[in-house]
Amino acid sequence: MTPKIKAVIMEARDMDRALTRIAHEILERNKGIQDLVLIGIKTRGDVLAERLAAKIKAIEGTAVPFGAMDITFYRDDAGTHKPEKAPTPTDLPFDLNKKKVILVDDVLFTGRSARAAIDEIIDFGRPTFIQYAVLVDRGHREFPIHADYVGKNIPSSSKEKVLVHVKENDGKDEVVIAEVEA
Amino acid sequence: MNWRTKDLLTLEELSAEEIVHILDTASSFKEVSTRSVKKVPALRGRTVVLFFHEPSTRTRISFELAAKRLSADILNVQMASSSLVKGETLIDTLKTLESMTIDALVVRHKSSGVPQMLANITKATVINAGDGAHSHPTQGLLDLLTIREYKGKIEGLTVTIVGDITHSRVARSNIRGLNKLGAKVRVCAPPTLLPLGIEKMGVEVFHDLDKALNGTDVVYVLRLQLERQKNNLFPTIREYSLLYGVNNERLKRAKKDAIVMHPGPMNRGVEISSGVADGPQSVIDDQVTNGVAVRMAVLYLLQGEQGEKNV
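Chain order of the listed sequences is A and Y.
Going by my numbering, the first sequence opens with residue 11, and the numbers climb by one from there.
Going by my numbering, the second sequence opens with residue 1179, and the numbers climb by one from there.
Treat the hints with care, as some may be off.
[Claimed, not checked] Restraint ranges, calculated between C-beta atoms of paired labels, are given here: (1) A:His156 / Y:Glu1327: 36 to 44 Å; (2) Y:Glu1327 / A:Pro103: 18 to 26 Å; (3) A:Val190 / Y:Glu1191: 27 to 35 Å; (4) Y:Asn1445 / A:Pro103: 35 to 43 Å; (5) Y:Glu1191 / A:Asn179: 30 to 38 Å.
None of these hints come from the bench; they were simulated from the model.
All residues carry an ideal CB built from backbone N, CA and C; glycine is no exception.
Kindly generate the complete structure, drawing on both the sequences and the hints.
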């Protein structure tokens, strides 16, 4: 099944503006960067977390630690479904105890990835709280999960795919809607 | 990556791509073992039986830790304390276990082919943890992972395996795995410890250790299996050690950055000197660490079906 691209929803500049706004919102809501850490869900959330960290540094002048998390082994279908690509190691170069964690992902869909990510975070320590930032919220939640920061709400059909492309992995920054061909 | 088989019996049955996929997955699991909570829920609720019919410490413990770190439940069935000593056949024991719904069976047996036989009759995943002189696939995989970590690749390397090749399933699995990933393999032993026709497996045969070590990237020392030496295959242990023991002097023939490996347990002063075993080129401890990661990867990959991600 190759997804066929139907429409480009966000271009590079739109993505950048959305991330800039989210960076400001994170700082406003948390009153600065005290104890803040960013954790991106692989693959793509980690790239977005790194960009948010760079933006926060540009605004506040101080760097925020960021890490990347592979949630493959925590997924609720880990025992029955294996991803095509081999998982990559989780890389959290900081202690999570008493930290304010901003969990970053590209697309919020069913909420299952966030559930898995929260479980993995808790295996690393006891953060003060976890907030959730996503570039795109496409609806169709299956779990009681909501995002604290949203780049763009994109209503979608469950037969469609919403794909975030980042230049580090895909050669180009864009958000597209694709149709899954039967 | 499509997983074709339910079992892991030999490295022969895997493609180079599949081997690399296992190694990549193992690298991820290695990180799990460095956490303070060394556990992921990937195999929660699965039952793994460790079915060991031959003495083993490191392989059994390594599999047990691997299964525990995946949150699986473990059952240890050992020859001495099972109904097998009362005369039950292996197959009946397996059927009994299967009736209690097990998911995976890790088998070690002194006879070659036992894991294959069990795999043919059970729905459970069978993982070969060493059968006779035939195969020890997870050892081969952990060795490949260790070599890849130190050398950055496998292709194009020269690996010299020294010691009792005839009785060694470790040697056979390494030869298969290394050949598949494009390494050149040399074997070195007295003719009595080399099986006839070994060169058909794609290896270069040496009887002189100094020549075999010349310019090699990896020195793989096999254990002299003293318990299997009843046919006077060499005059004395001392003579074996003089001719085929790897010591610091001999090691100088290998490349400067060559690594030294040993599957354990070691006979210090026989096939390997303590100077080499504990020296800067030794990666024996890494092999043990990687063993857990590789076994986690194998257990994880063989359980459950490959499928489209559910998002």
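Going through the hints against the structure:
1. The hint said 36 to 44 Å for the Cβ distance between His156 of chain A and Glu1327 of chain Y, and at roughly 42 Å that hint holds.
2. Taken as a hint, the range 18 to 26 Å holds for the pair Glu1327 of chain Y and Pro103 of chain A, whose Cβ atoms sit roughly 20 Å apart.
3. Here the CB-CB span from Val190 of chain A to Glu1191 of chain Y is close to 33 Å, well matched to the stated 27 to 35 Å.
4. A hinted range of 35 to 43 Å for the beta carbons of Asn1445 of chain Y and Pro103 of chain A is consistent with their spacing of about 42 Å.
5. Distance hint for Glu1191 of chain Y and Asn179 of chain A: a CB-CB separation of about 33 Å, consistent with the stated range 30 to 38 Å.
The structure meets every hint from the earlier list without exception.
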